[in-house]
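Residue numbers (my numbering), protein chains in the order written: chain A, 1 to 751; chain B, 1 to 52.
Just so you know, the hints here were simulated from the structure itself, not pulled from any lab data.
Built from N, CA and C at the ideal position, the CB exists for glycine as well.
Take the hints with a grain of salt, since some may be wrong.
[Claimed, not checked] The calculated label-pair distances, taken between Cβ atoms and stated as ranges, are:
id	chain 1	residue 1	chain 2	residue 2	range
1	A	MET321	B	ALA38	47 to 53 Å
2	B	ALA38	A	ALA266	20 to 26 Å
3	B	VAL41	A	GLN398	55 to 61 Å
4	A	PRO507	B	GLN30	44 to 50 Å
5	B	VAL41	A	SER570	47 to 53 Å
6	A	ARG510	B	ASP35	30 to 36 Å
7	A	GLU215	B	GLN30	30 to 36 Å
8	B	GLN30	A	HIS212	53 to 59 Å
9	B	ALA37	A	HIS119	37 to 43 Å
10	B	GLY29	A	GLN398	49 to 55 Å
11	B	THR17	A	ILE112	47 to 53 Å
[Stated by the list, open to error] So the derived list for chain A, only partly shown, Cβ under 7 Å to chain B, looks like this:
id	residue
12	GLY45
13	ASP47
14	ALA49
15	CYS51
16	ASN71
17	TYR72
18	ILE116
19	HIS119
20	ASN133
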Amino acid sequence: MSMDGVLDLPAGGPISRQAPPAPDLSLYLREEADGRPAMDFAVEGIDCAACIDEIEDAVEALPGVAAARLNYTSHRLAVAWSKAADPAAVFSTLAGIGYKAYPFGTDKAEEIERNISRHLLRCLAVAGFAAMNIMLLSVSVWSGNIADIDPETRDLFHWLSALIALPACAYAGQPFFQSALRALRNRALNMDVPITLGVMLALGVSVYETLHHAEHAYFDSAVMLLFFLLTGRYLDHAMRRKTRVEASNLAALKAETANRLDEAGAVTLVPAAAVKPGDRVLVRAGERVPVDGVVVSGRAAIDESLVTGETLPRDVVAGGMVHAGALIHDGVLQLRTTAAGEDTFLVEVERLLERASTARSGYVRLADRAARLYAPMVHTTAALSLVGWLIAGASLHQAMLIAVAVLIITCPCALALAVPAVQVVASGALMRAGVLIHAGDAFERLADIDTIVFDKTGTLTAPEPHLAHAGRLSPDLLAIAGRLAVGSTHPLARAVAAAVPGATPYPEMREVAGCGVEAEVEGVLARLGSPEFCGCWDLLVATEDIDASFVALRVGECKALLTIRQTLRSDAVEVVRRLREMGKSLVIVSGDRPVAVAPVARALGIDAWQGGATPADKMAALQRLAAEGRRVLMVGDGINDAPSLAAAPVSMSPIAAADVTRAQADLVFLGERLVPVAAAIAVATKARQLMRENLIIAVIYNLFAVPLAIAGFVTPLVAAAAMSGSSVIVTLNALRARGAPGIGAGEGAGS
Amino acid sequence: MNVLVYLLPMALGLGLTGLAAFMWTLRSGQYDDLDGAAVRVLGDDDLGSPAP
């Protein structure tokens, strides 16, 4: 292929790889409160505390930059300019010190989550303040009741407690009240209904008691209850928010931008969301196709493994269809957009998803199931003790008090903590092992499974291809290949570059789009690229490996062919062995060709495998397993896996998966290794055991405390001690989830 | 009884001060980057004149 075939488009204006189009980033710019322009960047490659200073100092040194602040938790950099914004300078500065940055626009959902999280923290603070101060007053009253407190002082203390508790509960109880109201409006009961009722009644009775100068009030119980519950809810929420942050960073890293061509053929880099059907878009080697479209001109090999699971590149020419998410291997394409953004091929998949997720509604949250059983029981018990005491001849006032005592003591404090406390601790353990959780009830379902269905591409194999047989190449040639590869954005070149750590690009390098890169090395021309480009066609004919992609290298007259293939995740064999030892049966269902699946199945020792499966085939395979009575965990990453992930009882996907797929997964795991899958199952099994223990503890507590309350023996001191005692035991028991076996191996799996 | 007249407002006042301080820290975004806060404290860039 000659040089003049390099850029045969667009017709209107010349473009070259040396001068990338000016990016139009106005969509990402926002205005600070004081009117200065500002922009957020997602930064890749931050791994130590020293990065903070390095990045902030470098960016702040740029002219016009007023402030740069790096968030080390979310790996985002906020830059504010004093006058006109100049994002391009930030990109090049960061690239100069070795970090990749991407424009980042905060999405609505994340903003909402952030507000909820802040609201929960405010509620928690108010409840904490109220709990501490009311306890201060209550302990004085309790000790005073035993010693000699003036009735006037006691009344004063009770009134003060009311003054603190009533507004505090009205504020801090909002999350529960709103949720209970929503449930009641839908004619359902959730755990928040008895909580709300308990808090309201405890407050109501306490006010009544206070009005009648009684010895006891229950303001402390109500506030403490809210404080404990809010702690659990906040931690639960914080955990899910972390997953979302991680995911939306990744979405930014996937660079959802498009090269839009205008009438004259000039290229502008715009966010993918700004592309409309009918727009012409340019995609080049190494880029992901941002839209669904028809090829207008150009020719390229595209890798659709994220869309279909097929790893062999497909050739497309003018008139062919390309789907969003496909990766361009070589060549340049000009597309006419048929669907963009929300209307892409993904919508079809999403329709499948909707159908699939209804299949899961059979699994109800454990806590809600408990609430459905428990809430009527609490109310009936309280009502029965009221009637019982009335029949036994007690006064209405006395019977009422006893009934309320029963309601308060059975108020699902320990029971409500039993499950969430374990969830919080276990999620923390999982996060350290590199697993993030989407669905709160995933543990219960994950602990149940006996069969694991794996997708192949990107799940069992590493998300990025690797250079195979690097050892066969002489070290000199490999070093040259590495230095050439660093200068290219092509995915295959990236794989070569990864095999030569620390390679620096040659100063004078030219990238020939669709062909490769070349440079002068010690007086001879060195080329890395397609076999045609390097004149190595003869070498390619000699090999019969159909499962790999090839990159050719030519230095002077010295030629070599580098094999790039999808390799197994580094620890796949060991993890598969461990899963088998745990008694799980393993299945591979892949969209890739059977020829490509067989060697992977053989290497892992998995007998049950199926290749060439469409998304519908995958769902059928799951249904077959379900019909056999198996409880299945589905692990997959492709868009073609999304429906089966939604249909499976519980699902998991790597963080590198397609957005729509990751959204369906109950759990998402980070990093290059497969061990988080095994760790997640180990933690879930342990967590379920602890949840059961906790429920038993809570039930036993109620078995002892409730009869005492019904019999009318319970004083507030006893109730408070019993209630917080049972809560503390349950929480301490939950802490044991930290030490679940099999987590340690996952250390360092995080990104 | 008389001590309560100033002890109670003092106790509540202290509690309210803590609550107000917390709300302020929350509003000024001090919980947005907990991991960063843990490592930034080790930085020496607040020592004034840079080391020669």
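Hint check:
| no. | hint | verdict |
| --- | --- | --- |
| 1 | A:MET321 - B:ALA38: 47 to 53 Å | holds, 50 Å |
| 2 | B:ALA38 - A:ALA266: 20 to 26 Å | violated, 48 Å |
| 3 | B:VAL41 - A:GLN398: 55 to 61 Å | holds, 59 Å |
| 4 | A:PRO507 - B:GLN30: 44 to 50 Å | holds, 46 Å |
| 5 | B:VAL41 - A:SER570: 47 to 53 Å | violated, 36 Å |
| 6 | A:ARG510 - B:ASP35: 30 to 36 Å | violated, 42 Å |
| 7 | A:GLU215 - B:GLN30: 30 to 36 Å | violated, 43 Å |
| 8 | B:GLN30 - A:HIS212: 53 to 59 Å | violated, 45 Å |
| 9 | B:ALA37 - A:HIS119: 37 to 43 Å | violated, 21 Å |
| 10 | B:GLY29 - A:GLN398: 49 to 55 Å | holds, 53 Å |
| 11 | B:THR17 - A:ILE112: 47 to 53 Å | violated, 31 Å |
| 12 | GLY45 | violated, 16 Å |
| 13 | ASP47 | violated, 12 Å |
| 14 | ALA49 | holds, 4 Å |
| 15 | CYS51 | violated, 10 Å |
| 16 | ASN71 | holds, 4 Å |
| 17 | TYR72 | holds, 3 Å |
| 18 | ILE116 | violated, 13 Å |
| 19 | HIS119 | violated, 10 Å |
| 20 | ASN133 | holds, 5 Å |
Violation of the numbered hints given earlier is confined to hints 2, 5, 6, 7, 8, 9, 11, 12, 13, 15, 18 and 19; the remaining hints are satisfied by the structure.
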